[in-house]
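Undergrad: Chains as they are written, first to last, in the working numbering: chain A, 27 to 136; chain B, 174 to 287.
Please keep in mind that the hints were generated in silico from the structure rather than gathered at the bench.
Zero decoy hints are in this set.
To be clear about the criterion: a stretch of chain B counts as covered by chain A if any three or more of its residues have a C-beta under 8 Å from a C-beta of chain A, and this derived list gives those stretches:
no.: 1; stretch: 214-228
no.: 2; stretch: 279-286
If the Cβ cut is set under 8 Å, some of the chain A residues that face chain B in the computed set are:
no.: 3; residue: Ser70
no.: 4; residue: Pro71
no.: 5; residue: Leu73
no.: 6; residue: Leu114
no.: 7; residue: Tyr116
no.: 8; residue: Gly120
no.: 9; residue: Lys123
no.: 10; residue: Leu124
no.: 11; residue: Phe126
no.: 12; residue: Thr128
no.: 13; residue: Gly129
All values reported here derive from a predicted model rather than from experimental measurement.
C-beta: ideal position from N, C-alpha, C; glycine also.
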Amino acid sequence: GDSVTQTEGLVTLTEGLPVMLNCTYQTIYSNPFLFWYVQHLNESPRLLLKSFTDNKRTEHQGFHATLHKSSSSFHLQKSSAQLSDSALYYCALGGYKLTFGTGTSLLVDP
Amino acid sequence: ETAVFQTPNYHVTQVGNEVSFNCKQTLGHDTMYWYKQDSKKLLKIMFSYNNKQLIVNETVPRRFSPQSSDKAHLNLRIKSVEPEDSAVYLCASSLQGSNTGQLYFGEGSKLTVL
Numbered sequence: 027g028d029s030v031t032q033t034e035g036l037v038t039l040t041e042g043l044p045v046m047l048n049c050t051y052q053t054i055y056s057n058p059f060l061f062w063y064v065q066h067l068n069e070s071p072r073l074l075l076k077s078f079t080d081n082k083r084t085e086h087q088g089f090h091a092t093l094h095k096s097s098s099s100f101h102l103q104k105s106s107a108q109l110s111d112s113a114l115y116y117c118a119l120g121g122y123k124l125t126f127g128t129g130t131s132l133l134v135d136p
Numbered sequence: 174e175t176a177v178f179q180t181p182n183y184h185v186t187q188v189g190n191e192v193s194f195n196c197k198q199t200l201g202h203d204t205m206y207w208y209k210q211d212s213k214k215l216l217k218i219m220f221s222y223n224n225k226q227l228i229v230n231e232t233v234p235r236r237f238s239p240q241s242s243d244k245a246h247l248n249l250r251i252k253s254v255e256p257e258d259s260a261v262y263l264c265a266s267s268l269q270g271s272n273t274g275q276l277y278f279g280e281g282s283k284l285t286v287l
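Produce the entire structure from the sequences given, and follow the hints as far as they go.
TA: Structure follows, in structure tokens:
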């Protein structure tokens, strides 16, 4: 079945440094949809960005990700972390149904 | 702006009691969901309804039962809660299926089973 792997449970970095959260997936579908959802403390998850186009960069609110079907990856990046980026980030795969990864907590220190 | 409303937001109860959570969405979406977010923050789909019809029913204990009166409402009943049911239950809706479209989540209903 479909699966999503987020290797880092917790990423801690200093404000101003670049962010990269890893996401790889497995699916039999040739045209998967990939999503990043963000959940801030005491809030519910909300969509950050999504893509279904191979090798096309998708951007929103300073974050970007590129779907690479050749490597089954959809890593989330940002050039400069802000304190307000501290949150839980879920990568998700759209196939027959939506499959969430285990989530990566990002903690940005001053 | 919240458009998926859940009640209650918190509920504390004892093992064996019955609990119900209500969800209403004002987005005009056809599809609604119940997700369980456990203490490790794992998000698991439980049920999915499309226009009042059950379309996804994951392997959940039989004490869980969803109920939908119309496409804007999806409730969840737990008929004799167990300690492992302690979690946040998130209701969501989407215009398209969740595999292609955006999910809109409610604020969550946190259940604590003593």
